[in-house]
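Participant: One-letter residues, chain by chain:
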Amino acid sequence: MYTCGLDIGARSTKAIVLEDSERVAGRGKGLTGYKPAESAEQAMEEALKSAGIKKDSLQAIASTGYARKVITEGTQFTTIGAHAAGAWRSFPGTKNVLVVSALTHAAIRLDENGQVHQFRMNDECSTGVGRYLERVAKTLEIPLDEIGQLALFSKDPQPVPSNCSVLAENELLNLISREVKPADILRGIYDALAERLVGLLKQVWDENSGVTLTGGVARNPGMIKAIEDIMGVNLNVDHDAEFAGAIGAAILAGKTEKKETEEVAA
Amino acid sequence: MLACGIDVGSTATKAVIIDGNRVVQGRGRVNSGANLSRAARHAFLEACREAQCHEYDVTYILGTGFGRSNIPFSHSQATGTTCHARGAIFRYPETRTILDIGGQDTVAIRINEHGEVLDFCINDKCDAGNGRFIESVADLLNLSLSNIGELSLKADKKLEMANVCSVTGEVEIINYLEKGQDVEDIIAGIFATVADRASSLVRRIGIEEEVTLSGGVTANRGMVKALEEKLGVHINCGVDGVYIGAHGAALIALEKAEYTPGGW
Amino acid sequence: MHGNLKLNSPLLDKSRQIIGKWYAQGDQANGVDRKVVYHFQPGSIHELLHAFGFHVVFPEMNSIHSAVKKLSIEYIHHGDTLGFDQDICGYVRNDMGLMGGPAKGKSPFGTIPPPDLLVLNQTGCFTYAKWFESLARMYGCPLVMLDIPYTRNEELNASDKKYIAGQIEDLIKVLEEVSGKKFDIDILIESLGHTRDAIDLYLKLLDIPKARPTPVDGYFEITSFMGPITVSRGTVDCVDYYRETIEGIEKRASEGRSPFGDENFRLVFDGPPPWPSLKEFREMFHKHGAVGVAGTYSRVTCDYEGMETDASQPFDFLVDLASRSYFNWNIEKRRNFIHKLAKEFDADGIVFHSVKSCKPYSIGMLDSRNYFASQTSIPVLFLDSDIADPRFFSNSQIRERVDTFMESVASRNLRMKSTG
Amino acid sequence: MSDTEVEYYPGGEVLPGSYRELSSWKEKNPGGKIIGCYPLYTPVELVHAAGILPATIAGAGQGIHYDHSRGSLEGFICSIGRSTLELNLDGALDSLDGIVFPSICEIARGHSGIWARQRPECPVFYFNFPQNLKSPHSREFLQTEFIRFREFLEEISSSKISDESINESIKMYNDIRKRIEVLNGRRCKSPAQYSASNLYSIRQIGLLKTPEEFASLLKQEVLKPLEEMKSEPAYRLMMIGAFCARPPMELLKTIENLGFAIVWDDLLLGQRWFESLIPTDGDPIENLTGHYLKNSVMSSVAHHAPDELEEFIRTEFGKNCADAILLSPAKFCHPAKADFTWIQRICKEQKIPYITIEYEENMSDFSMIESQFETFLEAREPSPLINSNSGGGN
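As you go down the protein sequences, you meet chains A, B, C and D in turn.
For the first sequence, my numbering assigns the number 1 to the initial residue and increments by one for each residue that follows.
For the second sequence, my numbering assigns the number 1001 to the initial residue and increments by one for each residue that follows.
For the third sequence, my numbering assigns the number 2001 to the initial residue and increments by one for each residue that follows.
For the fourth sequence, my numbering assigns the number 3001 to the initial residue and increments by one for each residue that follows.
What the hints contain is simulated information worked out from the structure, not anything from laboratory work.
Computed from a predicted model, the values in this text were never measured in an experiment.
Glycine is no exception: its CB is placed at the ideal position from the N, C-alpha and C atoms.
Incorrect hints may have been included.
[Stated by the list, open to error] Only some residues are given here: those of chain C computed to face chain A with a beta carbon under 8 Å:
no., residue
1, Gly2083
2, Ser2159
3, Lys2162
4, Asp2184
5, Ser2191
6, His2194
7, Ser2394
8, Asn2395
9, Gln2397
[What the hints assert, rightly or not] 27 Å max Cα-Cα, derived DSSO-like pairs, lysine-lysine:
no., chain 1, residue 1, chain 2, residue 2
10, A, Lys35, A, Lys49
11, C, Lys2014, C, Lys2210
12, C, Lys2070, C, Lys2210
13, B, Lys1157, A, Lys35
14, C, Lys2161, C, Lys2014
15, B, Lys1154, A, Lys35
16, C, Lys2279, B, Lys1256
17, D, Lys3219, D, Lys3230
18, A, Lys255, A, Lys54
19, B, Lys1179, D, Lys3134
20, D, Lys3331, A, Lys202
21, D, Lys3253, D, Lys3189
22, B, Lys1158, D, Lys3134
23, C, Lys2014, C, Lys2070
24, C, Lys2204, C, Lys2104
25, B, Lys1256, C, Lys2333
26, A, Lys69, A, Lys54
27, A, Lys225, C, Lys2070
28, A, Lys155, C, Lys2287
29, C, Lys2106, C, Lys2210
30, C, Lys2251, C, Lys2279
31, C, Lys2104, D, Lys3348
32, C, Lys2173, A, Lys202
33, D, Lys3134, C, Lys2181
34, D, Lys3189, D, Lys3026
35, D, Lys3348, A, Lys202
36, D, Lys3294, C, Lys2173
37, A, Lys181, A, Lys55
38, B, Lys1158, D, Lys3331
39, C, Lys2181, A, Lys181
40, A, Lys29, B, Lys1256
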């Protein structure tokens, strides 16, 4: 059985084709831009192509993410529900999930069945972690996928203490004008972001269980290291962490489909 | 004699070289990036190239903008506000109000007929980053910066942002997109919002005509139109408005060079 | 180059000693030998609490010291974890994080003993009530309120004063109960005698910057001389401290050296200092040769100016002490006062420092700024950051504003000189 | 006063244009005076008794831009503070002959000073309600405040206010509060037929109308038959925190459309500040004073002993058969937020599910909020992943 999960985020749109609610058969990704429906269509096509199947082989489609409502097909799930399901698939038994995306972040506490037990979303004034990192990369003139790595080389991290991305950008400019090394700036930025995220997580977390990181920022080594340093534990990060929402949606789509089939059969 | 002003802004670094008759001889503009002294040097050399002069021909160099202390080869510095005032009054002798929409800050400046700063107002902390907000929105919508100004002119309506904050403003944009709103209307709304913030700063110091706009947004027709609508007055605005600060700095540099016996 | 003000002067060491002694008393007070009362600084009447032998803790002081020692962010994070929203005053989040977080009141600058009683003198700030309600929940200790009405007109009216006096009477009963001691008015009167002496000296200190050039910075330096009158008013130590401080400053003046090099600009400050970034903030002004000559913050505990009561009428004196905090004043009274300071201290400009945490202090500042900009010829500068949360101090932004302001004041002064 | 048909505002919301009604009221009532009342409770009884129309300044809802006010208010000020100044500077409140700010928070208080400078011709009264409700001395103090306010009003109306007329006004407002209580009860009992948003829109009409008109409107509403039964709500919410600035109607509708019913709220709390009736005989000032000290509703703007809050949450939650608590402070409303730290803790202890949202008067983006409620539903309803019930919430 194939199902497709679409995660239409503020920044990028991800599509996953899942085989039997478990194996990732195909992936697709692109910027959301100002035509989210078209971007979703393209991402899905890419995922179908890489899975080597046609759209009519899909049993179910589900969408999640910020702009999920532009998708009229299939079912819809909230970002938190989808990420929880995606995280649970990669790390069964994980109780704590931290979702870090372009505009929002959230801490989720799961119960022993992988069900959302509690969650906290970012407050308004700390919106935009991923977007902020993008702008940092741009200002520093370093490719986005390299800043995380670069931060690991910091010898003298410079604090960039701010909850707010606007103020943090000003602080960034201040550090640039003080001619601080980019690696040290970046490490400082990751430390500040990590504090923000861990603060949110601690409001809901189960300290006896591991923490799973998902979302667009999840694969960023600088981010992972900074959180790990504060928490003193290793994070669960799947190589598909960025696709966790789409994977979760695909899983949930499969379950809904299954249930409906059962209902019809009954 | 040649004098140069270098304006190291948060987004772009600009340089203007003038001669002893205050005529612009060369201009340079580069991205500021992460190395401000390099940016300053590049902008300066670009201006020298255009002026067809050797860098040693420039008698006096004055730095301005937020990175003004990062220009190791400058002779002195002045803040952006002072330089904008000088640059604006030189270009538009009747101007009394200047609005500088920069990357980091928006500043409204009231000046007298000599170009001296009488009062100024800078945006609230929470209102920060107007210039960069526009840039960031273009990026989010996957559009080029030069496109969005023109696009906004095609709008049927303006979807203004309720949010003060430019970061949460992006959340609102996504929400509009999800509801299927036209991108033109969204952009027009963003310009109206930025114009709204800027005009409230101008009102705080009191609008006195003529009003001059400076900064990178001068090249953005949609933004200029939105500002004129909000302020209800004509705005002096040239496409090279981004150089006003550097130009003002060059004018001050020339004075300093003239007043300092035997050069600097 | 302008002279760098050395804040490690002997004058400050003495202030540190007094504060250190006060923290040490806190360390010793264990709730059995010596009971602990929490109380707020603005409108503090700690002389009355001392008369019952209480050790008095000022929770804002915890937060100020955390900020100055660069610890606030750590405590604020703990406060966040306890669920205090970031729109709540940073002092509260810091203090809650310090007291209710893993530190449990133990900090590098001293151990804060838990309270036996909370005397909530609510003057000017509504958050104070919430702060003490939170502490009362945390420690399960009694809370007694002393509600100070707002200064709606020029002065409090008779009914306001009667209300305060009545509550003080009731407070005495509670204090007797909790301390197990009878109220001894003689102890109070003696202590209030020292208070009066300290006040007179303090007022003299505030006036010194009227001199041109001033031998003391009336904002940055005097702010750091405020500790003793805040925590140890009513003691001989406090009186001695101000006597010695004034002598020290007079000596500085007689030696003809100004700690600031050229005194290019004289500024009046409204608002509390940004504690976590105090030094950076100060240097932004001093590098221009701009000195503070007066500030409203030195009147935040109480505006002693023109206060006529003394130890001979102890209760009237207490009512005055309780009700004359600057930030319990209406906006017009504040505006007039700032104007008066600007004139009396011959200021070149007014700096408004608005802080997100302290709404009672900051609201109206922007409006007052507009008033001065439009109705007077005094240059004004508006800055915003915070008193506790370092994340709200945007260094580059503030520096840019200060530089611009000083440049425009300089050109204005030049213009005024040339036109006579 | 006869019962008259009262027109609804379009959409049942007070918007910037609604304040124009005040000018037309003045045209119809030559010589009539209007006093603006900042939320929450101000002694409207005295205003009405003075023959003056008490108009609640209840913000401007969605669609207002803070063009003029931004330059006068710092960044951390809540939306009701901003919109009030905006309306004032924009001329929407020109018909006011005076304004009264009650002592609810620093913003209201500071605003009284800003108003005094911006509108010198429109006198301001800052009503200093005591915070120390338990003190025996607060009675005399509050009584003096009432007397001062009476004098302030007498100055504006240029006539004396008699005790009898105050007692008559108290009766009028008792009546209004009683009817609101009835409607609240109806909403709690059958939220599927009588929604919170419906009630909210009716009560907003009362903000700018004469009490006579409002009372008669409420009477009509009480007599109205219940709507047809919609499907039963999935969850019954107790909504706490929106007591001052008005959340947009769309916020309530968004929540209701997702299958939630708001069975208790503190919206427009000033309108129902007293849950019991104020005595209508004897010295009205004494009665008002006594009633304020003893029978004011629980709110974040007054000091309460710590256990009173716990008690209040527990009782109301049980009494209204609520399933969850919706904590909805206005952005920057620190009195509400400070209490919420503890309400959240109570919820955790009592295993009461809760959701926290933040609103502003002129917000237009409800997607974040919607998403929270959807997640709340997903986590509880028998959806694919989920099969057991759980406590907690956001």
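Participant: State for each hint whether it applies.
Facilitator: To see whether the hints hold, each was checked on the structure:
1. Gly2083: 7 Å, holds
2. Ser2159: Because about 42 Å separates serine 2159 of chain C from the closest Cβ in chain A, which is outside the 8 Å limit, the hint is violated.
3. Lys2162: 44 Å, violated
4. Asp2184: 49 Å, violated
5. Ser2191: 42 Å, violated
6. His2194: Histidine 2194 of chain C check fails; min Cβ-Cβ to chain A is 42 Å, beyond 8 Å.
7. Ser2394: 5 Å, holds
8. Asn2395: Nearest chain A Cβ about 5 Å off; hint holds.
9. Gln2397: Interface hint status for glutamine 2397 of chain C: holds (5 Å vs cutoff 8 Å).
10. A:Lys35 - A:Lys49: Judged against 27 Å, a Cα distance of about 21 Å means the pair holds.
11. C:Lys2014 - C:Lys2210: Holds, at roughly 24 Å.
12. C:Lys2070 - C:Lys2210: 33 Å, violated
13. B:Lys1157 - A:Lys35: 19 Å, holds
14. C:Lys2161 - C:Lys2014: 36 Å, violated
15. B:Lys1154 - A:Lys35: It holds: about 17 Å lies between the C-alpha atoms, which stays within 27 Å.
16. C:Lys2279 - B:Lys1256: Given pair lysine 2279 of chain C, lysine 1256 of chain B is violated - Cα atoms ~33 Å apart, limit 27 Å.
17. D:Lys3219 - D:Lys3230: The hint holds at about 24 Å.
18. A:Lys255 - A:Lys54: With Cα atoms ~21 Å apart, lysine 255 of chain A and lysine 54 of chain A stay inside 27 Å; holds.
19. B:Lys1179 - D:Lys3134: 52 Å, violated
20. D:Lys3331 - A:Lys202: 23 Å, holds
21. D:Lys3253 - D:Lys3189: 19 Å, holds
22. B:Lys1158 - D:Lys3134: 53 Å, violated
23. C:Lys2014 - C:Lys2070: 22 Å, holds
24. C:Lys2204 - C:Lys2104: Between lysine 2204 of chain C and lysine 2104 of chain C the Cα gap is close to 40 Å, so the pair fails against 27 Å, i.e. violated.
25. B:Lys1256 - C:Lys2333: 45 Å, violated
26. A:Lys69 - A:Lys54: Distance ~24 Å between lysine 69 of chain A and lysine 54 of chain A Cα, so the pair holds.
27. A:Lys225 - C:Lys2070: Given that 27 Å is the threshold and the Cα spacing comes to 24 Å, the pair holds.
28. A:Lys155 - C:Lys2287: 31 Å, violated
29. C:Lys2106 - C:Lys2210: Outside the cut-off at roughly 41 Å; violated.
30. C:Lys2251 - C:Lys2279: 25 Å, holds
31. C:Lys2104 - D:Lys3348: 22 Å, holds
32. C:Lys2173 - A:Lys202: Not OK: lysine 2173 of chain C and lysine 202 of chain A at ~43 Å, beyond 27 Å, violated.
33. D:Lys3134 - C:Lys2181: 24 Å, holds
34. D:Lys3189 - D:Lys3026: Given that 27 Å is the threshold and the Cα spacing comes to 40 Å, the pair is violated.
35. D:Lys3348 - A:Lys202: Distance of about 14 Å is within 27 Å: holds.
36. D:Lys3294 - C:Lys2173: Roughly 23 Å separates the two Cα atoms, so the pair holds.
37. A:Lys181 - A:Lys55: 49 Å, violated
38. B:Lys1158 - D:Lys3331: Distance of about 25 Å is within 27 Å: holds.
39. C:Lys2181 - A:Lys181: Violated: lysine 2181 of chain C and lysine 181 of chain A sit about 63 Å apart, past 27 Å.
40. A:Lys29 - B:Lys1256: Roughly 57 Å between the alpha carbons, so the hint for lysine 29 of chain A and lysine 1256 of chain B is violated.
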